[in-house]
Amino acid sequence: MKEKSSAIMIGIIVLAAFIIPFTLLKGVEKWYGSFLFWLILTLIVIVCNTMLTKDWSNEE
Amino acid sequence: MNVSLIWWGLGIYIAVSVFIAFLSRTGKQTNMGAYFLGDRKMGGFVSALSYSATTYSAFMLVGLAGLTYRGGVGALGFELIYLMGVSLIAFFGPRFWIVGKKYGYITPSEMIGDRYQSKAVAIAIAISNCLFLIPYSAVQLAGVGYLLQGVSNQQISFSTGVIIAVILAIVFAYIAGMRSVAWTDSLQSLFMIIGSTLVVLFLIHELGGFTGFFQQLETSHPEMLAVPGNGYFSFLTFIGLTIPWFFFSISNPQVSQRLFMPASLKSMRHMLLGFMIFGLIYTFVSIFWGYSAFLLEPGLDNPDLATPVVLSSSAIPPVLAVIVMVGIIAAAVSTIDSILLTLSSMFAKDVYGNIRKNTTDRVQLKIGKFIIPVIALLAYLFAELQLDLIAVLSVASSAGLIVVVPAIIGAFFWKRGTAAAVLASTIIPGALVLILELLQAKPFGLASGLWGLILSILLFIFVSLFTNAPTQKANEFIDYIKKNLQNKK
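Protein sequences, first through last, are from chains A and B. Okay, so the first sequence: first residue is 7 according to our numbering, each after it adds one. Okay, so the second sequence: first residue is 27 according to our numbering, each after it adds one.
Certain hints may be false.
Listed next, the in silico PhoX-like pairs over lysine-lysine satisfying Cα-Cα at most 25 Å (straight line) [stated by the list, open to error]:
id, chain 1, residue 1, chain 2, residue 2
1, B, K508, A, K8
2, A, K60, B, K383
3, A, K60, B, K392
4, B, K383, B, K67
5, B, K292, B, K128
6, B, K128, B, K468
7, B, K128, A, K60
8, B, K468, B, K127
9, B, K383, B, K499
10, B, K441, B, K392
11, A, K10, B, K292
12, B, K67, B, K392
13, B, K127, B, K145
14, B, K441, A, K8
15, B, K292, A, K8
16, B, K499, B, K509
17, B, K509, A, K10
18, B, K509, B, K127
19, B, K54, B, K127
20, B, K128, B, K54
21, B, K441, B, K145
22, B, K499, A, K60
23, A, K10, B, K508
24, A, K10, B, K441
25, B, K508, B, K128
26, B, K499, B, K128
27, A, K60, B, K292
28, B, K383, B, K441
29, B, K128, B, K509
30, A, K60, A, K8
31, A, K60, B, K508
32, B, K499, B, K145
33, B, K509, A, K8
34, B, K383, B, K145
No wet-lab data here; the hints were simulated from the structure.
Chain A extracted, bound-state conformation (with noise of 0.2 Å):
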């Protein structure tokens, strides 16, 4: 993965971090609302991370 693509991807979901709780979701007490959404938008960035740190070299 390039470091533009992931940079904007990234960018793109913590903004969305920020946004969807306070409008989308800001109704739904329950565990599958907010609680479940952070969750899953860090693992996602979890797996971006490794994705773009694959190719990095054993070089000392």
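Mind docking chain B on chain A? Use the hints.
Same frame as chain A, now just chain B:
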């Protein structure tokens, strides 16, 4: 809680970690790089655990649990957005690492000073970091004091707790510099995560398993599962809290200095991913801890007391409570020792090294080692004084350190940035943050960190446009990174 049980728990923790600190003493640390950066040869696994222990302080199981108790799921969002912000390492980490090796940088402030070709920049950033991080350490020390005092029902005094924590932090930092910090951090991170995870699983089981747990929340306190929920996490409060922490991994020197240390980029990758997984688990543990406290002991006036109250309640068997208590103390000590080491290296390299002419590496190392207990003593005195101002500075630390962010981003991505702009964009917004925190003012509802960041960005750009950039250095620095980023990957 039974006092002899507390002493047993503390005794085992101290004995094992001091033993590990002595074990780490291999090889001679006769230069700054060896002592403060572990010779730039840190492996991925130890780096990940040590990074975790340094980042996560007593704040998690006390402060974050308290925030959950007070405002519900917004605390989870705040902490997870911080964790997402750690992705900044994937972008800035290799850049720090490449120039760190080329120019031999020991501290982040040294790097910024050299990049903008200004000693004043290095000195100003080093001093402002001390100004915010010594009080932050003092509050961590005080946290240990209050915790021991609370769980022992006043039988262990506040001062005893503070003194134990400060001595441990000095020992771990002093014995072998970064090596002993990294090794003891790794052990302490395991104390932190294994103990607290087991206890939280026990608590959830007691409260009816995950299903029963969420059912209780959904039926009796549904507002705890949404934002703004009970109103505590208004959108402005949320972003005021979250944005300064988002940049923590590059703005806080005790963690950004870690970007110079991994043996290879592959080790850095393991550090980053290992930390993210650790962070995700520890965040959930702290949030569930806060929710459990809320279900078990609702109605406390001061949410920061939620943790000591639950620890000393009958809900948790005493042995488990001692395990969590040791985990919280380990979290505080492992944060303080890293801060001690980082601030000492900054003082020796950036303040002393720039003010005294022609100092050698050996002399700077001597000064650095001498200053470790001095900074610890300052933090200790601040903790004992329990001044309101110290608490203010500590709360302001993430907001106060964020003002360096434009200068750091500029160092890697904007050749036009100038030294005058760095000075203006750190000193003036830093002072503004302090004033706003002292006055407890939130103009237009925005927190101090946001004002600091906005002003810092504006000043950095505008002052840069009207002053001369160190063009030659900027070209050399940024072009060298560009060339090597492709080779190293």
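Each hint, compared with the structure:
{"no.": "1", "hint": "B:K508 / A:K8", "in the structure": "holds (14 Å)"}
{"no.": "2", "hint": "A:K60 / B:K383", "in the structure": "violated (44 Å)"}
{"no.": "3", "hint": "A:K60 / B:K392", "in the structure": "violated (40 Å)"}
{"no.": "4", "hint": "B:K383 / B:K67", "in the structure": "violated (30 Å)"}
{"no.": "5", "hint": "B:K292 / B:K128", "in the structure": "holds (18 Å)"}
{"no.": "6", "hint": "B:K128 / B:K468", "in the structure": "violated (43 Å)"}
{"no.": "7", "hint": "B:K128 / A:K60", "in the structure": "holds (24 Å)"}
{"no.": "8", "hint": "B:K468 / B:K127", "in the structure": "violated (42 Å)"}
{"no.": "9", "hint": "B:K383 / B:K499", "in the structure": "holds (22 Å)"}
{"no.": "10", "hint": "B:K441 / B:K392", "in the structure": "violated (36 Å)"}
{"no.": "11", "hint": "A:K10 / B:K292", "in the structure": "holds (20 Å)"}
{"no.": "12", "hint": "B:K67 / B:K392", "in the structure": "holds (22 Å)"}
{"no.": "13", "hint": "B:K127 / B:K145", "in the structure": "holds (20 Å)"}
{"no.": "14", "hint": "B:K441 / A:K8", "in the structure": "holds (22 Å)"}
{"no.": "15", "hint": "B:K292 / A:K8", "in the structure": "holds (17 Å)"}
{"no.": "16", "hint": "B:K499 / B:K509", "in the structure": "holds (15 Å)"}
{"no.": "17", "hint": "B:K509 / A:K10", "in the structure": "holds (17 Å)"}
{"no.": "18", "hint": "B:K509 / B:K127", "in the structure": "holds (14 Å)"}
{"no.": "19", "hint": "B:K54 / B:K127", "in the structure": "holds (20 Å)"}
{"no.": "20", "hint": "B:K128 / B:K54", "in the structure": "holds (23 Å)"}
{"no.": "21", "hint": "B:K441 / B:K145", "in the structure": "holds (18 Å)"}
{"no.": "22", "hint": "B:K499 / A:K60", "in the structure": "violated (31 Å)"}
{"no.": "23", "hint": "A:K10 / B:K508", "in the structure": "holds (14 Å)"}
{"no.": "24", "hint": "A:K10 / B:K441", "in the structure": "holds (19 Å)"}
{"no.": "25", "hint": "B:K508 / B:K128", "in the structure": "holds (13 Å)"}
{"no.": "26", "hint": "B:K499 / B:K128", "in the structure": "holds (13 Å)"}
{"no.": "27", "hint": "A:K60 / B:K292", "in the structure": "holds (9 Å)"}
{"no.": "28", "hint": "B:K383 / B:K441", "in the structure": "violated (29 Å)"}
{"no.": "29", "hint": "B:K128 / B:K509", "in the structure": "holds (13 Å)"}
{"no.": "30", "hint": "A:K60 / A:K8", "in the structure": "holds (11 Å)"}
{"no.": "31", "hint": "A:K60 / B:K508", "in the structure": "holds (18 Å)"}
{"no.": "32", "hint": "B:K499 / B:K145", "in the structure": "holds (14 Å)"}
{"no.": "33", "hint": "B:K509 / A:K8", "in the structure": "holds (16 Å)"}
{"no.": "34", "hint": "B:K383 / B:K145", "in the structure": "holds (12 Å)"}
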